[in-house]
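*Asks:* Residue strings, one per chain:
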Amino acid sequence: MLAHPRHVSGLICEARLHSFDCVLAAAMTFTLHGIEARPVSVEVDVAQGLPSFQLVGLADTAVRESRERVRAALSNSGYDFPQKRITVSLAPANLRKSGPALDLAIAAALLIASDQLAAGALDRVPIAGELGLDGCLRPVAGALAMAEAAARAGHPAIGVASASSDEAALAEGIEVLPVARLRDLEALSAGTLRPAGRTVLCTEARNGADIAKLRGQPGLRRAIEIAAAGRHGLLITGPAGSGKSMAARALATIIPALEPGEALEVARVAGVTGHPIDPALPVLRPYRAPHHSISAPALIGGGSPPRAGELTKAHRGLLFLDELAEFTRPALEGMREPIEEGRVRVARVGGSVEFPCSFQLVAATNPCPCGYGESSPRCSCSPARVAGYRSRLSGALADRIDLAVLVAQPEARALAGPDGEGAAEILARTAAARDRQLERDPEGRWNADLAPGEARGVAKLSDRAEAELKAAHTSLGLSGRAHERVIRVARTIADLAGTERVGVDHLTEALSFRARPRQ
Amino acid sequence: MSAAWSLPRGGSGFPASLEDLGAECPAAIYGRGSQALVEGLAPDGCVAIVGGRRATPYALDVARTIAAELTDAGMTVISGMAFGVDGSAHRGAIDLRAPTVAVLAGGPERPSPLGQRQIYRAILANEGAVISENAEGTEPFAHLFPARNRIMAALAGMTVVVEAASRSGSLITARQAAALGREVGAVPGQVGVARSAGSNALLADGACVVRDATDVLDAMLGPGVAVRRQAETLEPGTESLIEALEDGIGDLDGLAIATGLEPPALASLLTRMEVTGRVALTPGGCYALCRRG
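Chains as they are written, first to last, in the numbering used here: chain F, 14 to 532; chain P, -10 to 282.
Some hints could be false.
Claimed, not checked - Straight-line alpha carbon distances no greater than 25 Å define the calculated DMTMM-like cross-link-like pairs of lysine to aspartate or glutamate that follow:
no.	chain 1	residue 1	chain 2	residue 2
1	F	Lys473	F	Glu513
2	F	Lys226	F	Glu438
3	F	Lys483	P	Glu232
4	F	Lys226	P	Glu251
5	F	Lys226	F	Glu199
6	F	Lys97	F	Asp73
7	F	Lys473	F	Asp462
8	F	Lys483	P	Asp194
9	F	Lys483	P	Asp204
10	F	Lys473	F	Glu452
11	F	Lys473	P	Glu116
12	F	Lys473	F	Glu434
13	F	Lys483	P	Asp201
14	F	Lys483	P	Glu263
15	F	Lys97	F	Glu199
16	F	Lys97	F	Asp136
17	F	Lys226	F	Glu434
18	F	Lys97	F	Asp147
19	F	Lys483	F	Glu467
20	F	Lys473	F	Asp412
21	F	Lys483	P	Asp50
22	F	Lys483	P	Glu125
23	F	Lys226	F	Glu424
Claimed, not checked - Now the stretches of chain P that chain F is said to cover, found in silico as 3 or more residues with beta-carbon under 8 Å:
no.	segment
24	84 to 98
25	236 to 243
26	249 to 257
Simulated from the structure, these hints should not be mistaken for laboratory data. These numbers come from a predicted model, not from an experiment. From the three backbone atoms N, C-alpha and C, an ideal C-beta is built for every residue, glycine too.
Construct the complete structure from the given sequences, taking the supplied hints into account.
*Replies:* So, in structure tokens, the structure goes:
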């Protein structure tokens, strides 16, 4: 008489089933899909027959290789690898599984099916971790995303490789059980494994290029202060050696530190991209400066399985594109939509994946192809060449640039002068300006992210400022979008000055930073 | 609400230009708002901008623009606070949050017509003045209006009729201005249209053609004087900025170092100069002075 093997579906896991010739067990785990973790149910069937190991369920190479890791880990932990016909199914069958994090669940299900481990708590607790051949657990990518997914699904706890348990413990509403080696599954199953304490992140502004060393460039310093205070996109145009890269690095040091929600997002992205943050250290705003030869998928995200690009790695931080005109056309055009949406969407057969990418853009470019700039006698570019060069600034990027500043080679005289203000002093102002934005906007948006039409209401232009804006609109030929940008920047300038209304001086200063139309 | 005051003829503050009316000179000027403004009125600093009540959008726009530009050039705009051109003229000054003077037929304590109360309040809020030769409490009877017009004509060095039909009261103001030896100007209007028949007729009779504030200033002060006057009221720092631009410095940093101005003030100044056309950006992105045409 054959008892029916009970079907295991979804996330429900019931331990072992006996029948004459098959034993069925399951464990729960996750696979990463973009920035999200999707639940995977690992079902293992151990049947009589010639020893074999079949793994099904759209597994990628790393997952398929888990057979070798599991085999060695089991033996080296003192377990037996069953010499039976083993079938491992990763459900749901139409979801691509990637990454070695499924090792632990596969091993667990196998141990339960071969009667070497009691299911116990593993009914309710998903587990994730890569197995070393010695049976020790290696860290997983996306531990936080997995813990959050587990919490959303209602699990009381998640078992994670102990090296990743700090990251997982950032999640709210779920206990994290650190698993150091395969043998720890016994304690986990019995419910005696000690949970990890909740991790709390601390944040700080970046250290780095000393802004005080940006000498002889008062206009540039002012521009980066405004950009930092409102998270405005900034374009620096200048010849080689005029300090553009230094300015970008200096800008990163005067942006206010991450807020707690932002810090969690940064931790999540960092975990998913395989470079988790160290919770013992303060979390800094990301700073990404990809070289202009980067491919479009590496910049934006893509590949199979979909991986996060530089845009996502810069999430909540700063993306610096040096030599903007040298980036490939596909890269620049491909940035258009993600920048507008704040998300990268990668479409695949198995469904589309989203990565977040809300960042501050700083770009640097030469004034013309030869790099000297038309005011220099060494410039040999014809006006047509200059025009063609400048028109490479893709339309969408131009829309994200609220501030444009031209720099020249700083004079020798000025370079010899005293240092300017240090980062700490400027940071005090930009942080205060940011606080005002937070008080004003219930959603906590930066001025640069205000939707079109909203900026005006928030700005509270004084009557004189309105008049000036009108006059400028006519005589300077402002487009509608330029109008919006000027108001947003003026609001930030007013925030830096600490006034409730935007005054005419704030507005005229904002106008001086507008990006000029391409000639 | 501002307090009432009066300037009797013969007293120290009475505007001297009104004496030109001779026997027709008012016995006193009653007013609300800035007494000092009215005491300081002199013909070469005042322009009367008048016109019809049922004005075309074109006329309203021209009145407002010219009034604003003249105010910006340091002139005081005078008008009658009526609907139409008068109201627009006052608005041009109010746009710049600058003082303007309204001359009423009735007493100055309340807006007349009542529908112009917003402008009345704005005039007083911007340190302007509302005056009349009739004491507070006088009803604005129709027969008082032609008399009111002579006061505007006398106070101003030039009367500009923006748009008037053949029987418009603003033509009375123009006639009286001419009789006093003041300049008279008119804005060209559409031919064949009744609303501008009066102002066009003034042009045919020899009034100055007024296309913009410069025409007014040239007529009043002589050509070129206005430009020089504007140069005198330059903002601080402009001189050194112009020098630096002439030296070929075109980037914000270089200009900041050369002028010693702080970047915010420098940026605001550069923007204002861009708006007035004094400065523009080269294709390479540097600031440069514009050749004055």
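*Asks:* Next step is simple, just say for each hint if it's right about the structure.
*Replies:* Going down the list of hints, with the structure as the test:
1. F/Lys473 x F/Glu513: Since the Cα atoms of lysine 473 of chain F and glutamate 513 of chain F sit roughly 8 Å apart, the hinted pair holds (cutoff 25 Å).
2. F/Lys226 x F/Glu438: Holds, because 14 Å separates the two Cα atoms, which is no more than 25 Å.
3. F/Lys483 x P/Glu232: It is violated: about 29 Å lies between the C-alpha atoms, which goes past 25 Å.
4. F/Lys226 x P/Glu251: holds (18 Å)
5. F/Lys226 x F/Glu199: Given that 25 Å is the threshold and the Cα spacing comes to 59 Å, the pair is violated.
6. F/Lys97 x F/Asp73: OK: lysine 97 of chain F and aspartate 73 of chain F at ~24 Å, within 25 Å.
7. F/Lys473 x F/Asp462: holds (17 Å)
8. F/Lys483 x P/Asp194: violated (37 Å)
9. F/Lys483 x P/Asp204: Answer holds: lysine 483 of chain F to aspartate 204 of chain P is near 24 Å, not above 25 Å.
10. F/Lys473 x F/Glu452: Given that 25 Å is the threshold and the Cα spacing comes to 15 Å, the pair holds.
11. F/Lys473 x P/Glu116: holds (23 Å)
12. F/Lys473 x F/Glu434: violated (30 Å)
13. F/Lys483 x P/Asp201: holds (19 Å)
14. F/Lys483 x P/Glu263: Status holds; Cα separation ~14 Å.
15. F/Lys97 x F/Glu199: holds (23 Å)
16. F/Lys97 x F/Asp136: Between lysine 97 of chain F and aspartate 136 of chain F the Cα gap is close to 24 Å, so the pair holds against 25 Å.
17. F/Lys226 x F/Glu434: holds (9 Å)
18. F/Lys97 x F/Asp147: holds (22 Å)
19. F/Lys483 x F/Glu467: Status holds; Cα separation ~18 Å.
20. F/Lys473 x F/Asp412: holds (23 Å)
21. F/Lys483 x P/Asp50: holds (14 Å)
22. F/Lys483 x P/Glu125: Not satisfied, since the Cα-Cα distance of roughly 39 Å exceeds 25 Å.
23. F/Lys226 x F/Glu424: Holds. Lysine 226 of chain F to glutamate 424 of chain F sits at ~14 Å (cutoff 25 Å).
24. 84 to 98: Per the Cβ count (3), the hint holds.
25. 236 to 243: holds (count 6)
26. 249 to 257: The restraint on the segment 249 to 257 of chain P holds, since 7 of its residues have a Cβ under 8 Å from chain F and three suffice.
Comparing the model with each numbered hint stated earlier shows that hints 3, 5, 8, 12 and 22 do not hold.
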